[in-house]
Amino acid sequence: MAQKTYAGVTVDVNEEGYLLNPSQWTKEIAVEIAKEENLELTDQHFKVLDFIREKHAKGETLTIRSVGNSGITDIKGFYQLFPGAPMKKAAKIAGIPKPASCV
Amino acid sequence: MAKEEYPLKKVCIICAKGAIEDVYAALVMANGAVMEGIETKMFFTFFGLDAITKKTMKSLKTATVGNPALRMPGGLPFPTLLGILPGVEAGVSAMMKSGMAKIDIPPVDEFLEMITAGGGEIYACKLAMDMFKLKKEDLWDGVSGVLTVGEFYERAGGPQSQIIFV
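Protein chains in written order, with the numbering used here: chain W, 1 to 103; chain X, 104 to 269.
Keep in mind that a hint or two might mislead.
With a straight-line Cα cutoff of 30 Å, these simulated DSSO-like cross-link-like pairs (lysine-lysine) come out [unchecked claim]: (1) W:Lys88 to X:Lys229; (2) X:Lys200 to W:Lys88; (3) W:Lys35 to W:Lys98; (4) X:Lys205 to W:Lys89; (5) W:Lys76 to X:Lys200; (6) X:Lys205 to W:Lys88; (7) W:Lys58 to W:Lys88; (8) X:Lys205 to W:Lys76; (9) W:Lys4 to X:Lys236; (10) X:Lys112 to W:Lys76; (11) W:Lys58 to X:Lys205; (12) X:Lys200 to W:Lys55; (13) X:Lys200 to X:Lys239; (14) W:Lys88 to X:Lys239; (15) W:Lys89 to W:Lys76; (16) W:Lys76 to X:Lys120; (17) W:Lys98 to X:Lys112; (18) W:Lys88 to W:Lys35; (19) W:Lys98 to X:Lys239.
Simulated from the structure, these hints should not be mistaken for laboratory data.
Turn these sequences into a full structure, and let the hints guide you.
See the structure below:
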């Protein structure tokens, strides 16, 4: 098991850098992971992160569509917030496992 | 996860068929590519044009005749003779759509919007448009353009680029 230190806290991560234990996550850690992805987090980013952490905690499948229907941002906005691969990037920064969804 | 030495940078997906399952295969592949940050272009041709034609995109069907993989609910083979009855094709198609909605797969127009929202591009084939007497105005508003085969290939180049045909 790999470990990484973010904001002075050591967390367990998998080989791709996803946190293994979402309860180790803090906002400070999110800011540091985001920096590795060349992202500066805003309030809007945190709203999305809270939403997907909540979905994950409830055991629901995460899809781009569900984020688009969250009322926080539309799908276009989601791609702008987390450019490239938004679902994977947002999950990594939110400290949850890589989403296992095809849509 | 194994690291690819040459990760995919671009996919061009051609959809030449108009049945629900063919169109969705193309849309899922395209949307999946966009989600991975891969440059994505879709090219709809022949009956695939139904998926981006305003009049038909909301009422795609699945074939109930000549479709050996079709099963009854419960898993028994679907009798071909049943498939010819009026309304059966519509019923089976509605079941397919509700099954997809349950796993959060959107209707065709919304799916296309998801793809273009992420930067994917949608094109129609000029030859098939001429054949079916379709005009640009008949197509879904998010279609980027009508292309000849040559123009499509001009957009399909580059290293780590693939073409997928559905």
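For each hint, the structure was consulted:
For the suggested pair Lys88 of chain W and Lys229 of chain X, the alpha carbons sit about 36 Å apart, so the restraint of at most 30 Å is broken. Straight-line distance between C-alpha atoms of Lys200 of chain X and Lys88 of chain W comes to about 27 Å, which keeps the hinted pair within the 30 Å bound. Restraint check for Lys35 of chain W and Lys98 of chain W: satisfied, since their Cα atoms lie roughly 18 Å apart, inside the 30 Å limit. The suggested pairing of Lys205 of chain X with Lys89 of chain W holds, with an alpha-carbon distance near 25 Å, which does not exceed 30 Å.
With a C-alpha separation of about 25 Å, the suggested pair Lys76 of chain W and Lys200 of chain X falls inside the 30 Å cut-off, and the hint holds. Straight-line distance between C-alpha atoms of Lys205 of chain X and Lys88 of chain W comes to about 23 Å, which keeps the hinted pair within the 30 Å bound. Taking the CA atoms of Lys58 of chain W and Lys88 of chain W, the gap is about 18 Å. The hint holds against a cut of 30 Å. At most 30 Å may separate the alpha-carbon atoms for a hinted pair to count; Lys205 of chain X and Lys76 of chain W meet this at roughly 23 Å.
Simply put, Lys4 of chain W and Lys236 of chain X have alpha-carbon atoms about 60 Å apart, too far for the 30 Å limit, and the pair is violated. Restraint check for Lys112 of chain X and Lys76 of chain W: the C-alpha separation of about 20 Å stays at or below 30 Å, so the hint holds. With a C-alpha separation of about 18 Å, the suggested pair Lys58 of chain W and Lys205 of chain X falls inside the 30 Å cut-off, and the hint holds. With a C-alpha separation of about 25 Å, the suggested pairing of Lys200 of chain X with Lys55 of chain W holds against the 30 Å cut-off.
Distance hint between Lys200 of chain X and Lys239 of chain X is fulfilled; the C-alpha atoms sit about 27 Å from each other, no more than 30 Å. Using a Cα cut-off of 30 Å, the hinted pair Lys88 of chain W and Lys239 of chain X is violated, with the two alpha carbons roughly 36 Å apart. Proximity of Lys89 of chain W to Lys76 of chain W is assessed by CA-CA distance (about 15 Å); at most 30 Å being required, the pair is judged to hold. With a C-alpha separation of about 28 Å, the suggested pair Lys76 of chain W and Lys120 of chain X falls inside the 30 Å cut-off, and the hint holds.
Restraint check for Lys98 of chain W and Lys112 of chain X: the C-alpha separation of about 21 Å stays at or below 30 Å, so the hint holds. Between Lys88 of chain W and Lys35 of chain W, the direct Cα distance comes to roughly 15 Å. Compliance with the 30 Å bound is thereby established for this hinted pair. Proximity of Lys98 of chain W to Lys239 of chain X is assessed by CA-CA distance (about 40 Å); at most 30 Å being required, the pair is judged violated.
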